[in-house]
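Undergrad: Letter by letter, the chains look like this.
Number of protein chains: 2
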Amino acid sequence: MSASATFDDVLAAARRLDGVAIRTPLLENARVNARLGGRLFIKAECLQRTGSFKLRGAYNFLASMSETDRKKGVVGWSSGNHAQGLAEAARLMGVKATIVMPKDAPALKIANTKASGAEVVLHDRVKESREEIGMGIAQKTGATVVPPYDHPWILTGQGTAGLELVEQAKVLGVMLDAVAAPCSGGGLSTGIALAVKGLSPSTSVHAGEPAGFDDLARSLASGTKQKNDKLSGSICDALLAPTPGDVTFPIAKQLLGPGLVVTDDEVLDAMETAFREFKLVVEPGGAVALAAALTGKLPVKDRAVAVVCSGGNVDHATFARALARRAA
Amino acid sequence: MSASATFDDVLAAARRLDGVAIRTPLLENARVNARLGGRLFIKAECLQRTGSFKLRGAYNFLASMSETDRKKGVVGWSSGNHAQGLAEAARLMGVKATIVMPKDAPALKIANTKASGAEVVLHDRVKESREEIGMGIAQKTGATVVPPYDHPWILTGQGTAGLELVEQAKVLGVMLDAVAAPCSGGGLSTGIALAVKGLSPSTSVHAGEPAGFDDLARSLASGTKQKNDKLSGSICDALLAPTPGDVTFPIAKQLLGPGLVVTDDEVLDAMETAFREFKLVVEPGGAVALAAALTGKLPVKDRAVAVVCSGGNVDHATFARALARRAA
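Keeping their order, the protein sequence lines are chains A and B.
The opening position of the first sequence corresponds to residue 1 in full-length UniProt numbering, with each subsequent residue numbered one higher.
The opening position of the second sequence corresponds to residue 1 in full-length UniProt numbering, with each subsequent residue numbered one higher.
By construction, these hints were calculated from the structure, which means they are not laboratory data.
Misleading hints may appear alongside valid ones.
It does not matter which identical chain is used: a pair holds within one copy or between any two.
[As the list claims (entries may be wrong)] Simulated pairs of lysine to aspartate or glutamate, DMTMM-like, Cα-Cα distance not exceeding 20 Å:
1. K96 with D264
2. K72 with D264
3. K114 with E28
4. K127 with D265
5. K140 with D69
6. K225 with D8
7. K114 with E277
8. K297 with D104
9. K103 with D315
10. K71 with D315
11. K71 with E266
12. K253 with D124
13. K140 with E67
Whole structure, please, built from the sequences with the hints as guidance.
TA: And the structure:
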């Protein structure tokens, strides 16, 4: 498959999402800037509908389908942000959605997905393959499978957040030296790269990953797709895709700078800073790019840098762990 | 003193604050709307510079002073959001600020105020009057006292948040039935009322207060200024002013609907909802209007209602108490 997404596709996605996706704010903090010796901006996608950027790609996908296909519905599998984004996008467009979720997914996530009007099919994580169940539903009903990241319609939808952040920085008179976004399969980071490079070619774009799940960073360094050794074991539950996508990796190779890798403790510290200084609730996976900037792995000194905080769907116990990193 | 502030003054304040105050987002949540049977919007002033709306009034005050007066500096007293807002406004305008703070104020708040470049004068809460110390500094240096709420320049600055929220609702095609904001001395609620009534006369505007500190609600009901019995004892540390202001009360009488009074437990529940559904960090005093909407004291059913979440400067322990109201 060729690198089939362009800057113009991101612009088209932005027109589809106009009035649907929230134009999330670009925030900065004088104290954090003083500490880092530069200007750090947060694109607060945790404030997006459904609590993450995932609505952008899902809605762009549904809006790009033919009317005939939309009538047959959509199907997806996810235990997290993609499920909620897809279910809400389907509700907004009046499309029937079926989401395959593991039986042992948090009750709140299942309830949230149902609350958007989606049909939820529960599966046994150990005995059954959710892909097979989802594909079976698609074959039987004619529904279209909406993948979480590896599709041009998905990644160009996510990229609209990148258009916004460059425009919002420009209003402030700021030319960004670097932009970074969290990365699992690469939909967000490659979409953002298309958008940012289209508007501001000299800005470097980076993907952030949790330590031990840095398949993209290693793939970029080696030039070929690498796999993670593990499928679980990071606090960043949204960023555990095993390897870069077939659609996303060619774009990543062309447009992304070196990857940024952060530890779980650095992520918890970044969540605490987001709480204390920016008044934002950021989930672990949503905070990896911020963590890279705060630790100096993505240098901010004498520069202007924007990081995407991509989601805020964190449970109470995990957020309490982040709060405990620093007493007030 | 006459009710000396007008809608036009709010418009003038908005011009001064353009590019300085963050145009904070107006957020809604499909699940919360479904539960309440209407549309509830949050104006997220917790995302404002310094973590509260206070920057708006302080900056408008400084920008309205004569150049001669600005050169002599400003002085204020506060242990909370006004101190941080005033210090940051002074930094942005290059004005010398002196803030009188209690010796036993949280170290973080003192550090934050100093970080904006303000001179902090510590006083003994029991033995010394901060007003006397502040007035003494003003007399000695010629500095201008910047009051926390009871001045036309302050309340019209705060009112710019009301202009924004009506405009932001209009973009969504929404005419608001009601708007509510937290209230201590009434600067925010009366400024918002001037703005909202100027743009949308049929929208009712309400002030929210903590139980036991509902001086404005009782003053509005009786028609004359009432006092609170206590000076402390609510989790809403930002909302403990003992009585409505001389400038704010005449405007409140003219423009505000009945007051809204909520308990500390209702406030903690609202903070938890802001965390879980809106991904916002809201401090107790900042959540009273939201609490009124979530409990039905401010009806949302079959209506469109906007509440201001006015600040996010909450310590870790208090936020953990809010999280503990509901396990994930």
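Undergrad: Within a copy, between copies, both or neither: which one fits K96 and D264 at a CA-CA cutoff of 20 Å?
TA: Cα proximity of K96 and D264: none, with 37 Å in one copy and 42 Å across.
Undergrad: How would you classify K71 and D315 at a CA-CA limit of 20 Å: within, between, both, or neither?
TA: neither (35 Å within a copy, 50 Å between copies)
Undergrad: Reference check for the pair K114 and E28, CA-CA at most 20 Å: within, between, both, or neither?
TA: between (35 Å within a copy, 18 Å between copies)
Undergrad: Have a look at K297 and D104 and pick one of within, between, both or neither, based on CA distance no larger than 20 Å.
TA: This pair counts as neither: shortest intra-copy Cα distance 36 Å, inter-copy 37 Å.
Undergrad: Given identical chains, is K103 near D315, meaning Cα to Cα at most 20 Å, within a copy, between copies, both, or neither?
TA: within (18 Å within a copy, 37 Å between copies)
Undergrad: Quick one: K114 to E277, C-alpha cut-off 20 Å, is that within a copy, between copies, both, or neither?
TA: between (34 Å within a copy, 15 Å between copies)
Undergrad: State whether the alpha carbon distance between K71 and E266 is at most 20 Å within one copy, between copies, both, or neither.
TA: neither (45 Å within a copy, 44 Å between copies)
Undergrad: Is the C-alpha distance from K225 to D8 at most 20 Å within one copy, between copies, in both cases, or in neither?
TA: Answer is neither: 27 Å inside a copy and 61 Å across each miss the 20 Å cutoff.
Undergrad: Which holds for K72 with D264 at a C-alpha limit of 20 Å: within a copy, between copies, both or neither?
TA: neither (42 Å within a copy, 49 Å between copies)
Undergrad: How would you classify K253 and D124 at a CA-CA limit of 20 Å: within, between, both, or neither?
TA: neither (36 Å within a copy, 62 Å between copies)
Undergrad: Between K140 and E67, at a C-alpha cutoff of 20 Å, which is it: within one copy, between copies, both, or neither?
TA: within (19 Å within a copy, 75 Å between copies)
Undergrad: Up to 20 Å between alpha-carbons, please classify K127 paired with D265: within, between, both or neither.
TA: Neither. Shortest intra-copy (33 Å) and inter-copy (44 Å) distances fail the 20 Å Cα cut-off.
Hint compliance for this structure: hints 1, 2, 4, 6, 8, 10, 11, 12 are not met, and every other hint is.
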